[in-house]
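A.B. asks: Here is how the chains run, residue by residue.
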Amino acid sequence: MTLKRNSNHRFYRNAAVGSAVYSIFSVYLLFAIANAVLQKDMRYFDLDIIAWVILGTVIYGFFCYRKLRQLDGVNSRGLGWKLSEAQVKLPARKAHRRFG
Amino acid sequence: MIDTAQAVLAPYYLQIKFVHILCSMMWLWSTSVAFLYFVVPVMQHWRRSPQDADLIALRNWVLERFDQGVVLEHVAFPLVIISGVLMLCAGGWTTASNWLVLKLAIVCAIVLPIEILDYHLSHFSGNKRFKRDKGDEVGYEKAIDFHWKFLLLSTPPMIVFGISILYLAVVKPF
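Chains as they are written, first to last, in the working numbering: chain A, 1 to 100; chain B, 1 to 174.
These are calculated hints, taken from the structure and not from any lab test. From the three backbone atoms N, C-alpha and C, an ideal C-beta is built for every residue, glycine too. Any given hint could be a false lead.
Interface residues of chain B toward chain A, partial, derived using beta-carbon atoms under 10 angstroms [to be verified]:
1. ARG47
2. LEU152
3. PRO157
Just chain A, same shape as in the assembly (with noise of 0.2 angstroms):
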């Protein structure tokens, strides 16, 4: 199944949140559970930590949803080099002839 364009983005929306809230909270939960067992230290577990975690979350889900939203094309600016119409029909020829 192809990915489709979708109006509302539903799926960079969706992509970005569980990227997000997955990278963040495994990472912050892995390093505060370790730091609990091995070193018996709690603090990583205080609620002003898990606020900035909270904010981290966040603002890399924006991240996440601005990058997935410029790689996939959707946003004319980010990351690649931007090759216009003619720069790839040229190579394109050339692989078809080959690969084709």
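Following the hints, put chain B in place on chain A, whose structure we already have.
C.D. replies: Same frame as chain A, but now just chain B:
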């Protein structure tokens, strides 16, 4: 046994560190030019014109070449892990170093799952050339789609956490 390994490896700590840093650089950056300057522009053009036969041919060529190009990264990654474990033994590092615990947490939670999936997509049953050789057209399209989704989803974490790993290892901030 750990004491013996430490005694044997300790004189070679800097040499092991050299291998670790060299392989880390290979693992982090070896595919970046191919990804940014070949895969991304071609995939973006294909996404705008998904039925264009020329662009489909170019897309297939680029991703198949990318599957081969990641060999360097995937040779370096096990060497990073092995040299990292050897450095742990040789340097006598413990979990008292919080930077190390955080780095290992990132490796276990983010890097390892991404790399396992990347090995599968590039060298095992997700490999596009294998599917083309089998004549599996539907499987080929699914593999391309899955690989592009994987690249989309794994790029932001690799930008942030890849650089974080490097920062933690070099600066050792806490």
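A.B. asks: Hint by hint, say whether it matches the structure.
C.D. replies: Evaluated hints:
1. Here the hint on B:ARG47 is kept, as its CB sits about 5 angstroms from the closest CB of chain A, short of 10 angstroms.
2. A distance limit of 10 angstroms between C-beta atoms decides the matter here; for B:LEU152 the minimum to chain A is near 5 angstroms, and the interface restraint holds.
3. Interface hint at B:PRO157: satisfied, since its Cβ lies 5 angstroms from the closest Cβ of chain A, which is below the 10 angstroms cut-off.
Comparing the model with each earlier hint shows no violations; every hint is respected.
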